[in-house]
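Undergrad: Next come the chains, spelled out residue by residue.
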Amino acid sequence: MAGLSVKLDVRSYSGFKAVTFLCLIILYAPLLVVTIYSFNASNSIASWDGFSVHWYVDVFTGPESAKFKRAAWNSFAIALIAATVSTMIATLAATGMIRAGKFKLRTLSFGLISLPLMVPEIVTAVATLIFFNAIGFERGFATIIFAHIAFCIPFAYLPIAARMQGIDETVEQAALDLYATRQQVFTRILLPLMTPGIISGFLLAFIVSLDDFIITNFVKGAGVETLPTAIFGAVKQGIKPNIMAISTLLLSVSVVMVTISYFVSKTDKTT
Amino acid sequence: MAISAPDGEPAVSNTYHKSRTWLLLPSWVVLGALSLVPAILMLVYSFLTKEFRGGVIWEFSLAAYDQFFFDRGLFGDDSPTLDWTYIAIFWRSFWQAGAATLLSLAIGFPTAYFIATRPVQTRAIWVFLITIPYWVNLLIRTVSMKFLLRDEGPLNLSLMAVGLIDSPLQIVNTNLAVQLGLFYSYLPFMVLPIYAAVERYDFSLSEAAADLYASKWVTLHRILLPVTKPGVIAGCILVFVPSLGSFLAPDLLGGAKNYMIGSLIEEQFKGNAGNWPFGAAASMILLTIVLVILIAFARQQSRLERGRV
Amino acid sequence: MKKHILTLTTTALLAFGITHAKADGEVVVYHWFEYMPQELIEKFTAETGIEVVMDTFDSNEAMLASLKAGGIGTYDVSVPGDYMVKIMANEGLLDTIADGELENKANIQTQWLDAGFDPGRQHSIPYQWGTTSFSVNRDDYTGDISTTDILFNPPEELSGKINMLDSQGEVMAMAAMHMGMEQCSNDRKKLQALNDMLEEAKTHWASFNSDTAKEVLVSGDASVGMIYSGFSAKGREEGANIEYAFPTQGFVAWMDNVVLLKDAPNRENALVFMDFLLEPENAAAVTNYARYAAGVDGVSDMLDEELRTLPEGNPPASAGPATFIEVCDEQTQAVYDQIWTNVKK
Chain A
648 MAGLSVKLDV RSYSGFKAVT FLCLIILYAP LLVVTIYSFN ASNSIASWDG FSVHWYVDVF
708 TGPESAKFKR AAWNSFAIAL IAATVSTMIA TLAATGMIRA GKFKLRTLSF GLISLPLMVP
768 EIVTAVATLI FFNAIGFERG FATIIFAHIA FCIPFAYLPI AARMQGIDET VEQAALDLYA
828 TRQQVFTRIL LPLMTPGIIS GFLLAFIVSL DDFIITNFVK GAGVETLPTA IFGAVKQGIK
888 PNIMAISTLL LSVSVVMVTI SYFVSKTDKT T
Chain B
22 MAISAPDGEP AVSNTYHKSR TWLLLPSWVV LGALSLVPAI LMLVYSFLTK EFRGGVIWEF
82 SLAAYDQFFF DRGLFGDDSP TLDWTYIAIF WRSFWQAGAA TLLSLAIGFP TAYFIATRPV
142 QTRAIWVFLI TIPYWVNLLI RTVSMKFLLR DEGPLNLSLM AVGLIDSPLQ IVNTNLAVQL
202 GLFYSYLPFM VLPIYAAVER YDFSLSEAAA DLYASKWVTL HRILLPVTKP GVIAGCILVF
262 VPSLGSFLAP DLLGGAKNYM IGSLIEEQFK GNAGNWPFGA AASMILLTIV LVILIAFARQ
322 QSRLERGRV
Chain C
836 MKKHILTLTT TALLAFGITH AKADGEVVVY HWFEYMPQEL IEKFTAETGI EVVMDTFDSN
896 EAMLASLKAG GIGTYDVSVP GDYMVKIMAN EGLLDTIADG ELENKANIQT QWLDAGFDPG
956 RQHSIPYQWG TTSFSVNRDD YTGDISTTDI LFNPPEELSG KINMLDSQGE VMAMAAMHMG
1016 MEQCSNDRKK LQALNDMLEE AKTHWASFNS DTAKEVLVSG DASVGMIYSG FSAKGREEGA
1076 NIEYAFPTQG FVAWMDNVVL LKDAPNRENA LVFMDFLLEP ENAAAVTNYA RYAAGVDGVS
1136 DMLDEELRTL PEGNPPASAG PATFIEVCDE QTQAVYDQIW TNVKK
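Chains as they are written, first to last, in the numbering used here: chain A, 648 to 918; chain B, 22 to 330; chain C, 836 to 1180.
In isolation and in its complexed conformation, chain A is listed as follows:
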């Protein structure tokens, strides 16, 4: 009993909890504004004209509903593909960088992996467009996915690498000494230990892809819209409540998904 209380005591820092809640307040306060104003009867964010669900009806039946629906699907498909692929590439790369000894190209590889972070987006956008053009790659869905995979890699890589650096190698060594193959060690030991890093990396890659406007806008080609490009257009003339409604719906979708995943993980005792 005494040991437990000491243990708890060692873990908790007074004030960290308060900071966490402050952090959540900062994160959610602007969204509260979005949610409230999505029920605004008025056309403008600047004034409140009474409660209305008018804008939610507009999202599903308005003249632009088809466009936004398609854009939402595109965005999710792209974010899912780009985040999955870039997380896989990043996991392999992290293993190669951190679990494969010293080698000449290590610093260079690190530079290459962080390159998409360092080049301003607008430059990447123009250069990528010129590049696609030079090799005769027609702009469309595929060009967006390729571009997104590339710039998501560092966002997936850094949390994964940070995690891997902290994993003690003795367990892997022990398994190898017991004649486990390297593949078995990778899939049975390293990957499970890596899970929080991989999830962090995937989530970052996902939201980076979901949010990207500049590169997408340049490489997308005619007729393919993503949510940011569609929203950017609609917001040009001032944020209208229908955009607020779309944002609130997106929030609700993500909240529902989190809730489901919570209950799934709760019933699934094996994880």
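Hints are computed from structural coordinates only; laboratory data are not their basis.
Check the hints yourself; a few may be wrong.
[What the hints assert, rightly or not] Residues of chain B placed beyond 10 Å of chain A at every Cβ, according to the derived structure:
1. 72
2. 101
3. 111
4. 187
5. 315
[Said to hold, decoys possible] Covered, in the sense of this in silico footprint (three residues per stretch, anywhere, with C-beta under 8 Å from a C-beta of chain B), are these stretches of chain C:
6. 888-902
7. 995-1008
8. 1037-1048
[Stated by the list, open to error] In the DMTMM-like style, the derived pairs of lysine to aspartate or glutamate whose C-alpha atoms are separated by at most 25 Å in a straight line are:
9. C/1179 / B/92
10. A/716 / C/975
11. C/878 / A/705
12. C/1180 / B/104
13. A/887 / C/869
14. C/1025 / C/984
15. A/714 / C/886
16. C/878 / A/711
17. C/1097 / C/930
From the three backbone atoms N, C-alpha and C, an ideal C-beta is built for every residue, glycine too.
Once you've looked at the hints, dock chains B and C against the given chain A.
TA: Below, chains B and C alone, put in the same frame as chain A:
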């Protein structure tokens, strides 16, 4: 922590050194084609002659770098003096991004630590709580942020109602607003890597420290921070570098009165200036500075790794 | 009976579509964000069988950059502003519309037929036109606003409450009017004075923003805002007590135009699309949506009532001249770019 190699070689594990090439190949191919080639293209462009209103003429020229470093007066025929205009813009951006990174670290580290010390079942929920807001478009979030911070916005109104201030704080269109905006834009980029690192922190270390009568803050400073350093560094990079090139927060919250690196470069490609070589040169200078910082970091890291053996 | 008529009309329309050579398929339009009502696009497809593939841009310069980076050859038509039509023509990005290729060309109002930026309308047709000036919140300031001093040398109570458009062309054009000089000057003294005036004026400005030009006025964050006429009208309709100014020194006029791009993959369809937009009924639909003015004859009967008496669209007698943004040559432009950098550094 790391296993010491008998011959004193650095303790970088090499379990997979045979498959190294295959592990790294996908990233080399993808980033080589989609990141390195465009970057090289821009490097080449920065040494070409500008075509009026966008585009390049394939003739070698140093004009872009000359424009960056030398002032030749309004009409371009004064004798050249060192031009502080663009250096000041870079300095301002680095300063803003640095402030935003420190702010993110100050809030992000305790948050990540708090999440990592929750019971295993609820950690995922906390992680999602941090990322959910980012399902809403950055533009929308930034505009909402501006609405909150306005002179007659909810923040000022509530502070005045509580009696903390008498007149509204002018936040919008100041540097503080830009820093807040950048901080808000990239906060989870700080929290998640640190969380991933703290999550596997061995608390017996803290217990041992406590047994030796180390205060908790000493433990934090001497043990927890060094052990979770890779996560902290990853977080700082992920916040600092995108902040440098961003222009949404500076434009919307800072009033766009002063160029930041991002908006300066954007203007060369999408604005009236249409000076692609100059935009490319400014990008290359930015890239070089950041790359030097990162590689110095990486060097220092491996020196530390070596030192720990 | 009604059903039959509908079927007949549809068949007729379809038949009409087929008689147009290669008229089905698609037309790829590179357009401003939110500038064409969805209903009108659907109407076009219903009438012609041509699908509209839309791509959007947020500034003339961004469109130019995208086309120069390889976009040319993938789009059929685009919608540049006046000066950009001239720039694009100079760059060889536009195709020429031969005489007789546009059936409805005669619908273009005579004053726009021989526009300075496209003499003889060889590459373009009018889409919408309007003006750029500034609006003042009348709750905050009751004095005379028919002068560019409000922007560049404001009375003390307006200092620090001014939002400028983040657009070099428009700010420079207004500044030139304020100084009473030409837009593309080579006079060093005047240029230096312009530079000094702008650097001093900047100390009175709160922000540069084009996208939120209306929002900041409606919310009261700014008391003065440089703004497009239609934007100001919308802000007023949203309840802001703002007045659009027509300075005696002058203000900026602009016109967006539909141009036929070089190497258009669906050139025939592009011409059908342009003809469609020259129909008074369709031009009126755009005007009712965008709140600007069409450059097409026969539109006025089909406009919303309030559009005809819009204060933003009807300058008083005291107003100065409306002037288009001029296209300077490379050397002159370099000086203006430098001035803009000095303003924003």
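Undergrad: Are the hints correct? Go through all of them and say.
TA: Structure-based check of all given hints:
At the 10 Å boundary, the C-beta of residue 72 of chain B stays outside the reach of chain A, the nearest C-beta of that chain being 13 Å off. Residue 101 of chain B, annotated as away from the interface, keeps every beta carbon of chain A farther than 10 Å; the closest lies near 26 Å. With a least beta-carbon separation of about 12 Å from chain A, residue 111 of chain B lies farther than 10 Å from that chain, consistent with its non-interface assignment. The non-interface label for residue 187 of chain B is consistent with chain A: the shortest C-beta to C-beta separation is roughly 23 Å, beyond 10 Å.
Distance check for residue 315 of chain B against chain A: the nearest CB is about 6 Å away, which does not clear 10 Å, and the non-interface claim fails. Under the rule that three or more residues need a Cβ within less than 8 Å of chain B, the assignment of the segment 888-902 of chain C holds, with 5 such residues. With a threshold of 8 Å between beta carbons, the proposed coverage of the segment 995-1008 of chain C by chain B holds, since 4 of its residues qualify and at least three are required. Only residues whose beta carbon comes within less than 8 Å of a beta carbon in chain B count, and the segment 1037-1048 of chain C has 7; three or more means the coverage holds.
Among the hinted pairs, residue 1179 of chain C with residue 92 of chain B is consistent with the structure: their alpha-carbon atoms are about 16 Å apart, no more than 25 Å. Taking the CA atoms of residue 716 of chain A and residue 975 of chain C, the gap is about 42 Å. The hint is violated against a cut of 25 Å. Restraint check for residue 878 of chain C and residue 705 of chain A: the C-alpha separation of about 20 Å stays at or below 25 Å, so the hint holds. The suggested pairing of residue 1180 of chain C with residue 104 of chain B holds, with an alpha-carbon distance near 12 Å, which does not exceed 25 Å.
Our distance criterion of 25 Å between C-alpha atoms is met by residue 887 of chain A and residue 869 of chain C, whose separation comes to about 12 Å. With a CA separation close to 18 Å, the supplied pair residue 1025 of chain C and residue 984 of chain C stays within the 25 Å bound. Distance restraint check for residue 714 of chain A and residue 886 of chain C: the Cα-Cα separation of roughly 14 Å lies within the 25 Å cut-off, and the hinted pair is therefore satisfied. Restraint check for residue 878 of chain C and residue 711 of chain A: the C-alpha separation of about 15 Å stays at or below 25 Å, so the hint holds.
Distance restraint check for residue 1097 of chain C and residue 930 of chain C: the Cα-Cα separation of roughly 4 Å lies within the 25 Å cut-off, and the hinted pair is therefore satisfied.
Hints 5, 10 from the list above are not met by this structure, while the remaining hints are.
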